Structure formats: structure tokens, C-alpha cells
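S.K.: These are the residues of each chain, in order.
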Amino acid sequence: MNDFLQYTLNGLTVGAFYALVALGYTMVYGIIRLLNFAHGDFFMVGAFLATGVLSLLTGSGLPSGLVVVVALVAATAAAAALGGVSARIVYLPLVKAPKLSLLVSALGLSLAVEYGTALSQGTGFRSVPHIGFLSAEHAIGLTDGVRLTYAQLGVIAVSLALMIGLYLYVTRTFTGTAMRVLAMDQDAARLMGVNVERTIMMTFIIGAGLAGTAGTMYALYYPQVNFLMGFLLGLRAFTAAVLGGIGNIPGAMVGGFLIGLLESYATGYVAGRWTDVVVFGVLIGVLVIRPSGILGERVAERV
Amino acid sequence: MALLEVTGLDASYGAIEALSGVSLRVEPGEIVAILGANGAGKTTLLRTLTGLHRAKAGTVLLDGQDITRRRAHDIVGMGFGHVPEGRRVFAALEVDGNLTMGGYQSRKEPAALAERRRQVYELFPRLAERQGQLAGTLSGGEQQMLAIGRALMNAPRFLALDEPSLGLSPLFTRNIFKIVRRIREQGTAVLLVEQNARQALRLADRGYVLETGRVALEGPAAELADDPRVKAAYLGGAPAEPSPRGPVASTSDNGGKGADGS
Ligand SMILES: Nc1ncnc2c1ncn2[C@@H]1O[C@H](COP(=O)(O)OP(=O)(O)O)[C@@H](O)[C@H]1O
Ligand SMILES: [Mg+2]
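Those sequence lines, one after another, are chains A and B.
Under UniProt numbering, the letters of the first sequence match residues 1 to 303, in that order.
Under UniProt numbering, the letters of the second sequence match residues 1 to 262, in that order.
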């Protein structure tokens, strides 16, 4: 029972990373039907940038809590800006082009960001400066043996707050609603006076920003970064988005946490090398029963 | 000065020419009908006017301002409303949410929006009863009301309607035409695309007949209704010949049957 609780906490933490990154995949897919290969790289850029900020500021005498906040904000802003710029330069000019051109451009952007990072930062693993209160020994002891580290608590709390914020934004504000109606009918959205290009850009900015936040927390949690980390995590996050129902925002959250939990249980109860089998086995099982994912609507007619 | 002034408008889909040299005007407070068979270019005309489709040549002036190459959201923001063919309501959004999106351009003026929402619900009591219902679950006639109400949320000076009676029961059709008259009475000029030529000409001040992308005929609505060519082609002139397009022949005296537009 204690094992189960511990695996659950670990799984929720990992799932929070997946969920945050899955949101970007699903929002962009929902709005322009693009599988944005480069999305995982926004996560990686956030992680590297946070590492840079942390290296710069640890030892500067600033309280470590403040250093973490600065890194989080800076990396989120940088990833968001990268998302916005790439939407402007790479995606918007191609929105009306065949889907394949978009897909290939996304792939190109992804490779450019990854290998640009490799060139400037090296291909090895870079370690992230140690932040005292985020290390494993600082934890809330729950029932005996079960521990929730401050880092885990932070990851789960920040991601839940962002998800709630995103949900409110998308359902309660004009721009958020514009994103949803744009996904339903682009021309009709234009006739409402929605600036479609700007709204698409906003979607990229928000998605990439969430990935940047996730990247920062990931860097602090593990604590190392690598230029391919976005590709690997992105694959899982994309799986989460599909599992939850691609294009569906709550679906991406559910899918992310679900995959995190599955992974954690598989590692804990079976063995680490079986996690992929379990995760993808469940994915296939779900898709056989519900081809559009757990919360997805029928999308077949629109693709 | 005309409210809308279109001169020599050309538009195409790749090699297919859909509009060639279309010129027309709409004066403030007018209802102008655009008639024409399927494929004549009526929808393309409206889509080109609002910037959803690119004009190849020609100019469009709205209140003297050149809007030919402006983007759709700017044109809408200048007070050009467009109720598209097939209604295109946001199916997964509630009725009220659809109206909210209609007011997108006025999102910084909540008081004005609240007032317009009230007016739309007054104009369409059926929508008021269904505020919280998903638009996709409305009947065709109700969706048409919603599509019009949504456009009115932007308080347009000029409203283009693309076949608002298409597929609607006679009752709903009459209702929609009545609403168009009310909209004009409130000072909005209307460009009405219709296959339902008889009713459209009864309502309109003037009309244009499009044939394969060109203006074939134009004039005051009463004259067009009397024109033998219009009678033959659009008003089911030859009594023995069944009308090729149902609405003209079937809408006149069907009473309240089938109150539900599909
Ligand atoms: N998306 C499109 N692609 C290619 N051709 C089109 C498209 N839309 C319309 N057309 C063609 O343009 C012409 C005008 O169509 P349309 O404007 O829809 O006419 P109407 O609204 O009068 O029925 C038709 O010949 C039609 O086949
Ligand atoms: Mg048409």
C-alpha cells in the first residue's frame, strides 16, 4: 500500500511534465491540425535557459527561492518567445499550404533547434546547479516510508495551477474562446472579427510557454539537461495528447497524468525496461476502444 | 455616396473564373437582392467582399474606404457583417457563447455588448429560450436565427446574408424575411443573396442577377420581378414547367406546416 502511494506520487510528478507539454501539442493540433514536431524542443530550450540562469545566479547571494522563480519566469518567457517567433516565421506562412509542407517545416525547425543547441552547448549531459531545498532530503513524510519531496510538491502544484489557469483562459476570455472557435471553423471565426493569424500565434506562445515552464522544473528535478531531452519527453507527451484525445485540452491533462502513473507503476511493479510496453499497450488498447482518445471528439471527418 | 461600391471585381479558383467584372452598389438603408442559379458566383462574391477570398482585380469601397485587400477581421471591424452560407454556427458552443463571439470586435465594451445581446434575444425569443443549449443541437431555422443574431452582435452598418432561407420551412423562411426587414428599419443596409427570388424581390429595393460570374441584369426589384427573363429563369415563369429549385415554387402557401427548418 505504501509502495502504491509512493509510486502514485512519483507518477503524478512525471505526469505533470507530460501534461504540460501535451497541452501545447494538443492546442496547436486543435487549431491548425499540425503535429508540431518542434514542440518538445521548446521544453528543451526552457530547460537549458533555466540552467543558464541558475548557473549565473547561484552563488550570487540571492535567496535560492528567488533564483528559482527568476529561472522559471525567464525560461518560460524565452520558450514562449521562441514559440511565437517560430509561428510567425515557420508556420503562419504555410497555414494554407498542404499539410505535408507544414509537417516537414516543423521537423526542420525541430532539428535546427536541437542541433543548434548541440553546437552551442555540447551533446553531453549538463548538470544543473544544486538548489538546496529542492534536493531529495527535503520532503514531507506522509505515512511511514512515503515521501513527497518539496520538488515534487512544487512540480505538481505549479502544473495544476497553470492547468486551471489555462482552462479558465480558454473558456472564460475572448481570446481563449477565439482559439476554440478557430479550431471549429476558421472562416466563421474570421467573420466574427477574430484575427486568425494573431490567435494562432498566441496559441503557439502559450503552448511553448507551458513547455518552457515544464522544462525548467524538469531541469531542477532531475537535475541535468541534454539537447535531445525534448525529443524524448515530447514523444511521451504527444502520446499523452493522443491518449487523452488530440485537440482536447482536458484530455491532454488527463493523458499526461495517466501516462506518468502508468510509467511509475510499471517501473515499480514490473521493471523499468517494461514501461514502454505497458504505456503503449494501454495506448493501443484505449485507441482500439475509443479511436479518438479518452476525451476526444470525432476528428476523422476534419483531417 | 454609396455605402458599398463594387467595381470590376474578378475572382477565381485557380484556373476557374468565378467572378468577372462584377460591379454593384448598395446605398445606405437599402435592401439589395442578388439572384442567380447554383454556381453563379453569389457565395464567391460575398466571400470576396469580406476578404475571405482574394480579389484578382477590381475595387470594393465600404463607405468610401478601399477594403479590397484588407483582411476579413478588419473588414468585419469596420461594420461589415456577413452571415455565411450554411450558417456556420459554432456547434460545440452554447447559443449564448456564439453571440459572445459575434461581439468579439467589441470585447472591450461589455455594456454595449450586453445591450446588443438583449436586443438579439428580443428579436429572436426562440434563442432566448435556448441560451444554454449547444448550437449544434438547434434546428436549421434556429441556427439561421443564431447566425444572424451573432452577426448583429457586432452592430454592423452593412449586412450580407448568403441564402438565409436555404433548407428552411416556409414558416421559418417568412420569419427570416421579416427579420431582414426589421434589420433594415434599424438602419442597417442589407445585401441579400437568395435563390428564393420571388420573396427576395418582394423585400428588396433593387436587385442584381448573376450568371456565371457576371451581372446579367440589374434594376429596381419590381422591374426585375416583371422582367420576362427573370420570370422564366427564377420565378418559375412557365406554369407547366416544374421549378428546378424547390424553394420558389414551394414556399408560398404551405401555411404553418413543418414549423421546424431541418
Ligand atoms: N472552393 C472552390 N474551389 C473551386 N471552385 C469553386 C470553389 N467554390 C466555388 N467554386 C466554383 O465557383 C463558381 C461559383 O460558386 P459559388 O460562388 O459557390 O456560387 P453560388 O453561391 O452562386 O452557388 C462555381 O462554378 C463553383 O463550382
Ligand atoms: Mg452559394
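A few of these clues could be false.
Taking lysine-lysine pairs in the BS3-like style, the calculated list, with each CA pair at most 27 Å apart, reads [said to hold, decoys possible]:
| id | chain 1 | residue 1 | chain 2 | residue 2 |
| --- | --- | --- | --- | --- |
| 1 | B | Lys-178 | B | Lys-108 |
| 2 | B | Lys-56 | A | Lys-96 |
| 3 | A | Lys-99 | B | Lys-56 |
Hints were generated in silico from the structure; no laboratory data involved.
Predicted model only: the values in this text are computed from it and were never measured.
S.K.: Please verify whether Lys-56/B and Lys-96/A have alpha carbons no more than 27 Å apart.
M.R.: holds, 18 Å
S.K.: Mind checking the alpha carbons of Lys-178/B and Lys-108/B for me, to see if they're no more than 27 Å apart?
M.R.: The hint is violated at about 31 Å.
S.K.: Within 27 Å, alpha carbon to alpha carbon, are Lys-99/A and Lys-56/B?
M.R.: This hinted pair holds, its Cα atoms lying about 25 Å apart.
Comparing the model with each numbered hint stated earlier shows that hint 1 is the single one that does not hold.
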